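Colleague: As a plain string of letters, each chain reads:
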Amino acid sequence: MYSTLRNVTLAGALMGAGMAAAQDYPQEPIEVIVGFSAGGGTDVMARTVAPFLEKYLGDGASLVVKNVPGASGQIGVTETAHADPDGYTIGTYNLPGMMARTLDREADYDADSFTYLANVVNDPNVIVTSKRSGLDTLDKLLEAAAEEPGAVTVGMSSLGGDDHFMLTKLQNMTGSEYTIVPFRGSAPARTALLGGHVAMGILNISEVASFQDQINIIGVATDERSGFAPDVPTFKEQGLELVNGALRGFVAPAGLPDDVRGELLAAFDALKDDEEFLAAMTATANPVDVVTGDDFQALNAEILQTATQVWEETPWQ
Amino acid sequence: MYSDLLHSLPDVLGLANLAAIVIGVIAGIVVGAMPGLSATMAISVLVPFTFGLEPLVALGLMAGIYNGAMYGGAIPAVLLRIPGTPAAVATSFDGYPMAQKGEGGFALQVAVVSSSIGGIASALALMLLAPPLSKVTLLFGPAEVFWVAVFGLCSIIFLLGGNPVKGLVSACFGVFVSVVGSDPILGTDRFTFGKLELLDGVNIVILLVGLYALPPVIDLLETPLKTEQKSGKLGTEPIWKALPRMTGFWMTWLRSSLIGIWIGILPGAGGSMAAFMSYNEARRASKTPETWGKGEPEGVAAAETANNADTASALIPALTLGIPGTAVAAVMLGGLLIHGLQPGPMLFRDNPDVVFGFMWQFLFGAILLVFLGGSLATNSFARLLNLPRPLLGSVIIVLMLIGVYSIHSRMFDVYLMLGFGAIGYVMDKLKFPLPPVVLGLILGAFAEENLRLALRIGRGDWGVLFANTTSLILVALTVAVVVGPLVKRRLQARKTDAS
Amino acid sequence: MSTPLKDRLLRAETLAAAGIVVVAAGFLVPAAALPPMSALLPATMLIALIVLALALLISDQRKASKGEAAEQVTHSPKRVAGAFLLVVAYAVAVDFVGFYPSTIVSVPLVAWIFGFRNPAGLALATAITVGAIFVIFSLAMSQSFPAGRLWTL
Chain A
62 MYSTLRNVTL
72 AGALMGAGMA
82 AAQDYPQEPI
92 EVIVGFSAGG
102 GTDVMARTVA
112 PFLEKYLGDG
122 ASLVVKNVPG
132 ASGQIGVTET
142 AHADPDGYTI
152 GTYNLPGMMA
162 RTLDREADYD
172 ADSFTYLANV
182 VNDPNVIVTS
192 KRSGLDTLDK
202 LLEAAAEEPG
212 AVTVGMSSLG
222 GDDHFMLTKL
232 QNMTGSEYTI
242 VPFRGSAPAR
252 TALLGGHVAM
262 GILNISEVAS
272 FQDQINIIGV
282 ATDERSGFAP
292 DVPTFKEQGL
302 ELVNGALRGF
312 VAPAGLPDDV
322 RGELLAAFDA
332 LKDDEEFLAA
342 MTATANPVDV
352 VTGDDFQALN
362 AEILQTATQV
372 WEETPWQ
Chain B
2 MYSDLLHSLP
12 DVLGLANLAA
22 IVIGVIAGIV
32 VGAMPGLSAT
42 MAISVLVPFT
52 FGLEPLVALG
62 LMAGIYNGAM
72 YGGAIPAVLL
82 RIPGTPAAVA
92 TSFDGYPMAQ
102 KGEGGFALQV
112 AVVSSSIGGI
122 ASALALMLLA
132 PPLSKVTLLF
142 GPAEVFWVAV
152 FGLCSIIFLL
162 GGNPVKGLVS
172 ACFGVFVSVV
182 GSDPILGTDR
192 FTFGKLELLD
202 GVNIVILLVG
212 LYALPPVIDL
222 LETPLKTEQK
232 SGKLGTEPIW
242 KALPRMTGFW
252 MTWLRSSLIG
262 IWIGILPGAG
272 GSMAAFMSYN
282 EARRASKTPE
292 TWGKGEPEGV
302 AAAETANNAD
312 TASALIPALT
322 LGIPGTAVAA
332 VMLGGLLIHG
342 LQPGPMLFRD
352 NPDVVFGFMW
362 QFLFGAILLV
372 FLGGSLATNS
382 FARLLNLPRP
392 LLGSVIIVLM
402 LIGVYSIHSR
412 MFDVYLMLGF
422 GAIGYVMDKL
432 KFPLPPVVLG
442 LILGAFAEEN
452 LRLALRIGRG
462 DWGVLFANTT
472 SLILVALTVA
482 VVVGPLVKRR
492 LQARKTDAS
Chain C
-2 MSTPLKDRLL
8 RAETLAAAGI
18 VVVAAGFLVP
28 AAALPPMSAL
38 LPATMLIALI
48 VLALALLISD
58 QRKASKGEAA
68 EQVTHSPKRV
78 AGAFLLVVAY
88 AVAVDFVGFY
98 PSTIVSVPLV
108 AWIFGFRNPA
118 GLALATAITV
128 GAIFVIFSLA
138 MSQSFPAGRL
148 WTL
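Chains as they are written, first to last, in my numbering: chain A, 62 to 378; chain B, 2 to 500; chain C, -2 to 150.
There could be a bad hint or two in this list.
As the list claims (entries may be wrong) - Okay, derived cross-link-like pairs now, BS3-like style, lysine-lysine, Cα gap no bigger than 27 Å in a straight line: (1) C:Lys63 to B:Lys432; (2) C:Lys75 to B:Lys432; (3) B:Lys430 to C:Lys75; (4) A:Lys333 to A:Lys116; (5) C:Lys60 to B:Lys489; (6) C:Lys60 to B:Lys430; (7) A:Lys201 to A:Lys230; (8) A:Lys192 to B:Lys136; (9) C:Lys63 to B:Lys430; (10) A:Lys297 to A:Lys192; (11) B:Lys432 to C:Lys60; (12) B:Lys295 to B:Lys489; (13) C:Lys3 to B:Lys432; (14) A:Lys127 to B:Lys196; (15) A:Lys116 to A:Lys127.
To be clear, the hints were calculated from the coordinates, so they are not data collected in a lab. All values derive from a computational prediction rather than experimental measurement.
If we strip away everything but chain A, and leave its shape as in the complex, we get (with noise of 0.2 Å):
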């Protein structure tokens, strides 16, 4: 039933470009590319996000998930970018991840191949120590690493994302150097911090939140206290300007029609005080913090600011 129903998709969609009206829109589902696995972070994100944006699109509209993996979201993203502008296709989009990638690795995309729809989650970082290092503040964390550049190891879960950009301010900040350990995602991460194997750990707070009594939280690098961990002091009531994060939302591809653009933006400022949407979130470890339209298009120019200045300073590759 889906199948002969995503051919009529396709069929549709082949004729109908461009002319899309508002009234009208939309008329067939919408495709919204994942460019992770089912059931990976993101696309439990899509999933939930999905029907309350069917809701708000209102006259039946329907989203749907096609997930297209590989390459840390890469290969979805850049058939999202190459797709046909006319609102029925939409994709997720990860930052700092995919304007990173638009700096080490060859990219059929940059930042001017969207429109950017909204940011849904930002999960802010967090410095996190092992239990076994008696690191248990700040203070005691930067003495450290004062100490003996580089002594402290810092487990995170790959280089250019969130976590290293995350380390990079922090140690331009406060002088210090750390050992980077490059683990291949946030549990093995995580794991190895629960162990004792690294002494500092850099992760996000949906990845932490339940497991802090195994682990010292040193500070979440948001302007105020996260609701997933009230208890955690920010790191500007510690004196530091740290403000970080993994951010999770949705683009269109560049030159998307003003009157669809305006439906869909439209749409996603509605979940900002949908409350039964906030607390589907939350239950699947996604901080939201909705940003739409223009101030989501800034607020990627900015990060992308940041990661090409980490880029030609400090290299990873």
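Using the hints provided, position chains B and C relative to the given structure of chain A.
Modeller: Then chains B and C, alone, in the frame of chain A:
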């Protein structure tokens, strides 16, 4: 905790949840038994659907499929020498020779009983020992995991076959394939030639289908049509008659269950390594190692026990620490997250009914395996082998394409599989052994990644590899396994010289 | 009895060994461009492959000079090549024409070419295979298979 365990039982016994397990096990056996289709693929195809299901129904399906597929893979491994899943490669070592001797039915019965025993042992470990076993996982940092990988790689020595040079060529080829993709530490592209599809490396299923399924299919087509030739004199007898012939296996069952559980709680290695290791250990312990590889039922028992013993135990680190022990466990973790079940210590506190229910489902799935995978399933698949060979071949080709395509929904993987198929055909005919390729692919980059992580932690000091007791024990074990047989042979030679 | 040089060089194992040397040496070029730690394992493997393949080549040539028969890859190279080409053709057809049309043609065609000529059997097998795949994958699991690149251009 144990009261939570009992408390969750009634839920699991609900009609829908029980039905889910039964359907899951049957579907798993079928998927595993189809050359080309794998458990990982089946569960990834299923995950999007579990959004709409009750958590326990969804999890029951997955647990059933996982258990079923680990046994199902043995069916074509025994009957056609095509392992249905990566973990069934070791099953074919003795299973296929058994089938050629007309003992295929018994081989499958050994496989189903052993799978079930391994699965039950693993489920019990998950139910009763998850928290302490997760502490064992924590002992294994990059340095220790590196030594585990080295230990596994050393078992290649026993898989080299008649010509060691050819065996080593196979192993080096496997390790080389494992490094294709983005560098595990730096993220630099290695041998991807600008293909994004290669960045995540070569999926084991693609290699396996190419190397193991394509050559036999070509053979099926190539051999002139002789439908008169009875390919499947299976020699089945009712399972209660076969059971007494397995009484001597209890040591193997025990040892292989422990190995499977242990490999399961170590993230990253997976069922194939468990099966290889347990096969080797069982052979080393055997009084008649010379019969191995020529149709020794105990070899089938060792491999099949271990590849099921790692199913539930792979969920121990997955549930408690969020690190999946196998590719399938990784997909299952996604299935849990969909239902708002976030792995970690809180999981057992916040959602005991679902988590403990899931564990029961693994147990029931493993028990059901004997009944559902017994003579009925086995016989129906064996009958397929009596199909005319060209027909069988042309159908398997379609299954191979579907199985490989569905992993990432892309044709690139299918072409890659065909490339490996061509290589595999030549290797097979020139008697280059295939198992070292599989083991090399699984463990090569895995060892490299952990070595380099360990060296980073040690800030370039190689001493970090010998810095603690766990590492030293693993080094000692490796040396014993490699040097032991050599010393033994030398001593025996001296003894015969003397007499 | 000495074998002619051409036969000696065309022994399957000699050809395979030479092939391994050439391909492995070829891969050393991109390996050289990698950062040292990144290149270590692959370069080691490639060099090991070259050394091992040379050893194979020498031992096979020794066998040849002793007049031992070469390993035979297949009795009917044409059938093997034909079978392989058919599989490749099927994959290409799936890619360009679409999964279902290609499969409906390929299942009976391959079986027919290789000697199974019973029309009823062919029709039944094709119907069962394609039907089962359609019901399980397309209907129940809403998996999409390649629709054929030719039609989407």
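Colleague: If a hint holds in the structure, say so; if it doesn't, say that too.
Modeller: Do the hints match the structure? See the list:
1. Between Lys63 (chain C) and Lys432 (chain B) the CA atoms are separated by roughly 21 Å; this keeps the pair inside 27 Å, and the hint holds.
2. Between Lys75 (chain C) and Lys432 (chain B), the direct Cα distance comes to roughly 21 Å. Compliance with the 27 Å bound is thereby established for this hinted pair.
3. For the given pair, Lys430 (chain B) sits about 15 Å from Lys75 (chain C) by alpha-carbon distance, which is consistent with the 27 Å threshold.
4. Only pairs whose Cα atoms come within 27 Å are accepted, and Lys333 (chain A) paired with Lys116 (chain A) is accepted, the gap being roughly 14 Å.
5. Taking the CA atoms of Lys60 (chain C) and Lys489 (chain B), the gap is near 32 Å; set against the 27 Å cutoff, the hint is violated.
6. About 18 Å separates the Cα atoms of Lys60 (chain C) and Lys430 (chain B), which keeps this hinted pair within 27 Å; it holds.
7. With a CA separation close to 18 Å, the supplied pair Lys201 (chain A) and Lys230 (chain A) stays within the 27 Å bound.
8. Of the pairs offered as hints, the one joining Lys192 (chain A) and Lys136 (chain B) holds, with about 14 Å between alpha carbons and a cut-off of 27 Å not exceeded.
9. A hinted pair counts as satisfied when its Cα atoms are at most 27 Å apart, and Lys63 (chain C) with Lys430 (chain B) qualifies at roughly 22 Å.
10. Of the pairs offered as hints, the one joining Lys297 (chain A) and Lys192 (chain A) holds, with about 23 Å between alpha carbons and a cut-off of 27 Å not exceeded.
11. The suggested pairing of Lys432 (chain B) with Lys60 (chain C) holds, with an alpha-carbon distance near 16 Å, which does not exceed 27 Å.
12. A threshold of 27 Å between alpha carbons decides the hint, and for Lys295 (chain B) with Lys489 (chain B) the separation of about 23 Å falls inside it, so the pair holds.
13. Between Lys3 (chain C) and Lys432 (chain B) the CA atoms are separated by roughly 23 Å; this keeps the pair inside 27 Å, and the hint holds.
14. With a C-alpha separation of about 21 Å, the suggested pair Lys127 (chain A) and Lys196 (chain B) falls inside the 27 Å cut-off, and the hint holds.
15. Only pairs whose Cα atoms come within 27 Å are accepted, and Lys116 (chain A) paired with Lys127 (chain A) is accepted, the gap being roughly 19 Å.
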